[in-house]
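Protein chains: 2
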Amino acid sequence: MKLDPNWISGFVDGEGTFYIGINPNKTMKTGFQILPEFRIVQHKRDIQLLYSLKKYFKSGVVRVNHGDRYELRIRNIDFLNKIIVPFFEKYPLHTQKKNDFLKFKKVLKIIINKEHLTKDGIEKIYKISSKMNRKDKIITKKHLDKDKVRSLEKSKA
Amino acid sequence: MKLDPNWISGFVDGEGTFYIGINPNKTMKTGFQILPEFRIVQHKRDIQLLYSLKKYFKSGVVRVNHGDRYELRIRNIDFLNKIIVPFFEKYPLHTQKKNDFLKFKKVLKIIINKEHLTKDGIEKIYKISSKMNRKDKIITKKHLDKDKVRSLEKSKA
Chain R
909 MKLDPNWISG
919 FVDGEGTFYI
929 GINPNKTMKT
939 GFQILPEFRI
949 VQHKRDIQLL
959 YSLKKYFKSG
969 VVRVNHGDRY
979 ELRIRNIDFL
989 NKIIVPFFEK
999 YPLHTQKKND
1009 FLKFKKVLKI
1019 IINKEHLTKD
1029 GIEKIYKISS
1039 KMNRKDKIIT
1049 KKHLDKDKVR
1059 SLEKSKA
Chain U
909 MKLDPNWISG
919 FVDGEGTFYI
929 GINPNKTMKT
939 GFQILPEFRI
949 VQHKRDIQLL
959 YSLKKYFKSG
969 VVRVNHGDRY
979 ELRIRNIDFL
989 NKIIVPFFEK
999 YPLHTQKKND
1009 FLKFKKVLKI
1019 IINKEHLTKD
1029 GIEKIYKISS
1039 KMNRKDKIIT
1049 KKHLDKDKVR
1059 SLEKSKA
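As they're listed, the protein sequences go chains R and U. For any residue, its number in the numbering used here is found by taking its place in the first sequence, counting from 1, and adding 908. For any residue, its number in the numbering used here is found by taking its place in the second sequence, counting from 1, and adding 908.
Selected chain U positions facing chain R (Cβ under 8 Å, derived; list incomplete):
(1) Met-909
(2) Trp-915
(3) Ser-917
(4) Gly-918
(5) Asp-921
(6) Gly-922
(7) Arg-953
(8) Asp-954
(9) Thr-1003
Bear in mind the hints are in silico, worked out from the structure with no lab data behind them. Ideal placement from N, C-alpha and C gives every residue a C-beta, glycine not left out.
Please model the entire structure based on the sequences and the hints provided.
Here it is as structure tokens:
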């Protein structure tokens, strides 16, 4: 199916997620790995649409999200930076999700500047991302459960 | 805010609902009133967007949906028929919600032909609408709870 870019922007305003994962990771000097992710989750009945979006963005992977739900997930920093960010700058979001996108963009910039490899950078990212995805829908903070937050807060002390 | 019609179509693919209410109503000859409704529900933080959509469609009312959630609701048959239907014919939906729209359109035609004032028409509408809104999300069937379905099925016997 041929998708109009404005249609995609509207659909993402409803169904997309800009997410910053902060994963404890002992192999990193800072103790944390930063994992930005753009995803669109749909019931499997609309899996073809996810493949069309993947084709449109020329990036990402379609995979199981949970149960009957599938997602198009884009994690590649280069794709996020060179395809996803310019796309939503050209075809702007209109809901409060726009703020998530702006924060997401900010974190990407921190990563590109390699600041995420320092404790200061991690703290900055933690501060930005803690104000994201404040939907009344329940968002599974897969990568950042309470224990991890506590360990992150301890590392800041 | 200025909304692109393709953006609206994408947003509705994610967030809109085409709904057929079948309400027991003793004042109707058939015992049922048919209430088609197009609605978009958002958290109150995006209420301005609902007003922008109302302005775009030049129809509907913005009201509380539930708790912190608001909706743009369009029930006027004329508006649904002359504004909403042509809009989604011009700017097509791409998810399976398209099937809901096509069924919705079918029911509107039945209403315009006044067939909904006959028992046959009500049965036809019941059959069509029972295959709508099959999202894995929980849809509140406000107007059609189990008792009402039972009473409708009894009326068909």
